[in-house]
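Number of protein chains: 2
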Amino acid sequence: MLHAVILAGGSGTRFWPLSREKMPKQLLHILGDKSMLAMTVDRVVSLVPEEQIWTVTTRSQAGEIKREFSNQGYTKIRILEEPAGRNTAAAIGLAAVQILRDDPEGIMIVLPADHYIEDKARFLDLLSVGREVAQAKWLVTLGITPTHPETGYGYIRRGKSIDLFGPNDLEVEAFKVAQFTEKPNPEVAEEYMRAGDYFWNSGIFLWQANHFLEEMQNFLPEHHKGLFEVVEALGDPKPDLERAKEIYESFEAISVDYGIMESSKRVAMLSAEVGWSDVGSWAALKGIMENNKDGNVIKGNVLTVDTHRSVLYAQDRLIAAMGLEDMVVVDTDDALLICPEKESQHVKGIVGQLIKEGREEAVTHRKVPKPWGAYKVLDRGEAYQLKWLDVFPGERLSLQSHEHRAEHWIVVAGRATVTLDGRIFTVEQGEHIHIPRQSTHRIENQGSEKLRMIEIQTGDYLGEDDITRYEDDYGRSS
Amino acid sequence: MLHAVILAGGSGTRFWPLSREKMPKQLLHILGDKSMLAMTVDRVVSLVPEEQIWTVTTRSQAGEIKREFSNQGYTKIRILEEPAGRNTAAAIGLAAVQILRDDPEGIMIVLPADHYIEDKARFLDLLSVGREVAQAKWLVTLGITPTHPETGYGYIRRGKSIDLFGPNDLEVEAFKVAQFTEKPNPEVAEEYMRAGDYFWNSGIFLWQANHFLEEMQNFLPEHHKGLFEVVEALGDPKPDLERAKEIYESFEAISVDYGIMESSKRVAMLSAEVGWSDVGSWAALKGIMENNKDGNVIKGNVLTVDTHRSVLYAQDRLIAAMGLEDMVVVDTDDALLICPEKESQHVKGIVGQLIKEGREEAVTHRKVPKPWGAYKVLDRGEAYQLKWLDVFPGERLSLQSHEHRAEHWIVVAGRATVTLDGRIFTVEQGEHIHIPRQSTHRIENQGSEKLRMIEIQTGDYLGEDDITRYEDDYGRSS
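Chains as they are written, first to last, in our numbering: chain A, 11 to 488; chain B, 11 to 488.
Simulated from the structure, these hints should not be mistaken for lab results.
Accuracy of the hints is not assured; some may be wrong.
Remember, identical chains collapse to one label, so a pair may be satisfied in a single copy or spanning two.
Unchecked claim - Calculated cross-link-like contacts (lysine to any residue; reagent style SDA-like; alpha-carbon spacing at most 25 Å):
id: 1; residue 1: Lys-366; residue 2: His-318
id: 2; residue 1: Lys-386; residue 2: His-375
id: 3; residue 1: Lys-296; residue 2: Ser-56
id: 4; residue 1: Lys-147; residue 2: Glu-183
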């Protein structure tokens with residue numbers, strides 16, 4: 011059977027300030043109404059049934075990814091939480107071992123969660139052919155036909171043609187890979203373009219899970235052994251998370267390219283012209299999104315005067331841009347980025363500096379997604395804090411109490427069911443309820459519409475840690 | 011006696027988005043902790059007692075100007091409200107007629123409210139000498155020694171020296187003015203620099219009120235006659251505002267330069283080297299404010315990477331600027347401006363476009379100053395609106411009621427005295443009170459500390475016009 015393995019563990023600092031540690035690139039809606047992750051699923055779901063789509067991610071992103079899939083109507087996609095971050099060889103290996111257990115002959119398509127592909131039909135054709143090549147025991151990679159002498163990617167040099175099945179209807183050619191190369195300097199990139207047999211390394215792969223694991227045993231034997239132990243430890247009836255983490259953390263953090271592909275003698279490449287982009291920076295959007303008559307990519311509340319070839323992302327606030335050329339401007343509730351397009355690949359540096367200073371703007375947005383909905387801090391003062399909280403239909407917050415702060419809640423949309431010191435109250439739109447200090451309380455949305463409440467916290471101490479939870483965010487008692 | 015007349019009627023669109031129709035340039039704190047208006051008063055108050063300082067402004071700005079003076083401890087400055095906007099000849103004439111009534115020999119210094127002067131001591135020396143020249147029946151203007159071939163200002167060509175008192179200790183020379191000129195083109199501006207006898211027209215004047223009015227009678231006789239009638243109409247015991255407005259509106263809107271100075275034969279100039287600037291654009295701040303080691307002028311929450319010679323004004327939100335050169339970035343709660351420094355003089359165009367579109371961002375800030383304090387809209391939804399309201403000690407809002415909306419108030423700082431349908435409640439910090447639809451209500455701060463309340467409006471209709479006021483904002487019954 012065909013399986014898809016989506017790698018969704020990236021932090022995506024390159025799209026700061028829209029991306030944050032807790033809101034990585036693959037969850038952003040930068041390319042339209044959907045997240046890049048959802049677009050990745052959409053692209054393959056006609057070929058791979060939902061039950062055979064696996065998403066490998068981190069513990070901290072798993073909740074938000076589940077929510078995103080559920081919002082998009084995907085309820086059967088499997089989510090694998092990596093015990094720690096150890097680069098792509100381990101992440102892909104983890105999925106391979108899981109797939110092998112279900113489906114010893116299974117073929118896996120490995121897909122980064124945050125790439126863009128314009129020509130979806132051609133992409134599916136390539137995957138169909140790739141599947142055949144994988145069945146013949148090749149590790150297949152998609153090599154993207156270069157459109158310019160890019161210095162930001164690794165390249166693949168193709169070798170001899172592999173003729174497995176004669177000329178196919180789809181006119182896809184497979185080649186043995188002669189060589190993987192590092193990111194070239196500009197002169198070398200120009201040479202690669204002229205040579206015509208160099209392709210961009212897309213990070214999209216196809217192979218049989220068991221064949222991949224054989225190659226892993228050859229070239230990364232510790233990974234191979236350890237991953238089976240990890241899956242064992244994570245298995246029923248008694249998952250041993252500590253043990254799994256301990257083993258996983260012992261792995262070298264190595265990419266699948268360095269760890270396996272460059273060593274294997276059985277690597278094939280399909281040459282792909284599909285309008286691929288790894289969407290590596292804000293500037294990359296100009297090549298993907300619709301440009302207006304001035305060559306600008308604009309989202310939100312933006313006024314331009316004499317502004318050209320710029321990327322301008324607004325939220326609520328108005329951006330007035332005058333006389334800009336080739337600039338990137340991205341505005342969010344709490345942080346704003348301005349840089350020339352050519353600098354936008356260096357946004358990481360800013361994020362690094364913010365992390366060093368311990369600043370929130372690197373980690374979360376003012377609007378914080380939660381399993382039960384979301385909240386946003388609207389205002390803070392010396393002895394108060396103001397939020398809205400949205401609770402999804404059927405969801406509830408944990409039962410909790412605060413030692414130091416009291417809260418006022420006003421329902422402004424929907425209807426709240428409030429538990430307060432054991433008694434249950436229904437609070438209708440426009441109504442208020444007071445939550446005294448030290449009382450146990452819980453909000454619940456038993457209705458079918460969104461509940462929005464305004465929360466005003468008052469007290470001398472309003473720290474995040476002034477909370478006693480009697481259950482977790484998923485409603486499980488603790 | 012010496013009087014100062016401060017012209018404070020300007021709207022100052024050039025400093026958008028910090029300046030708004032209801033928050034003009036002279037009230038901004040762009041140059042430090044004080045408004046430019048307060049800095050203008052500070053500059054002359056050692057020479058002119060408060061009671062002899064007159065501020066000419068518009069009706070709509072008068073309240074805010076009073077508040078600003080009171081915040082700065084100036085309680086005796088007189089405020090003249092122009093019945094309409096009719097340029098500087100009428101505004102200065104209005105002050106001259108008022109001064110003449112109090113002080114027939116009075117000398118007036120005319121000062122724009124929004125200029126910057128670095129060398130205050132030298133400036134006072136110039137005013138002292140100017141006073142002597144004015145007493146000898148000259149209309150005196152300060153001519154600024156040009157520091158570069160500026161094309162944005164009118165110039166004054168000096169004529170023969172006026173020797174009233176022989177060489178003075180202050181080494182100030184007075185000259186007869188030979189000619190006023192229009193703004194020059196770059197070649198002409200270069201010539202003026204080389205010639206050495208051209209000076210910038212600063213708009214700072216000194217003269218006897220009665221002498222100025224004589225010249226007005228000569229060159230703007232309708233203004234002259236009308237202004238005496240206006241002051242008559244505005245006088246006790248029964249001010250006739252309608253009549254005053256009708257006459258004032260009939261005046262030609264002409265500047266004092268065109269209307270009087272260019273025609274008079276008795277115009278003198280003092281050459282002034284005082285570090286003067288009319289602070290005409292965001293870019294001008296680089297010449298006035300402290301530049302950091304990268305040549306940037308920075309205010310607020312700003313992170314720069316490889317950014318030089320730029321003006322960066324933040325408020326709460328972080329501005330991350332990377333790779334910028336000679337740019338202007340100004341962020342406010344609801345609008346953000348980004349443009350190259352050389353375009354910053356064209357901000358007016360953006361404001362014009364916003365006004366055409368009927369957008370709030372041209373008119374007010376989210377934080378709206380009021381005679382009783384201020385409020386700020388924090389969030390809006392389909393059926394709710396969220397504000398904080400600050401009420402100054404001793405102040406109160408008007409008694410009012412709303413047909414369509416109910417309100418919840420939570421006190422988060424200070425203590426509120428709330429009148430609700432005739433009953434009076436004290437609401438302490440952390441407490442809540444509900445204001446039902448159609449109830450009459452008022453908030454009052456009887457304490458000595460600031461009162462801050464959170465107001466949550468709920469209802470189907472939340473328009474600004476859903477209010478019945480039983481008195482005005484100054485507490486006067488209506």
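Please list, smallest to largest, the hint numbers that this structure does not respect. 3
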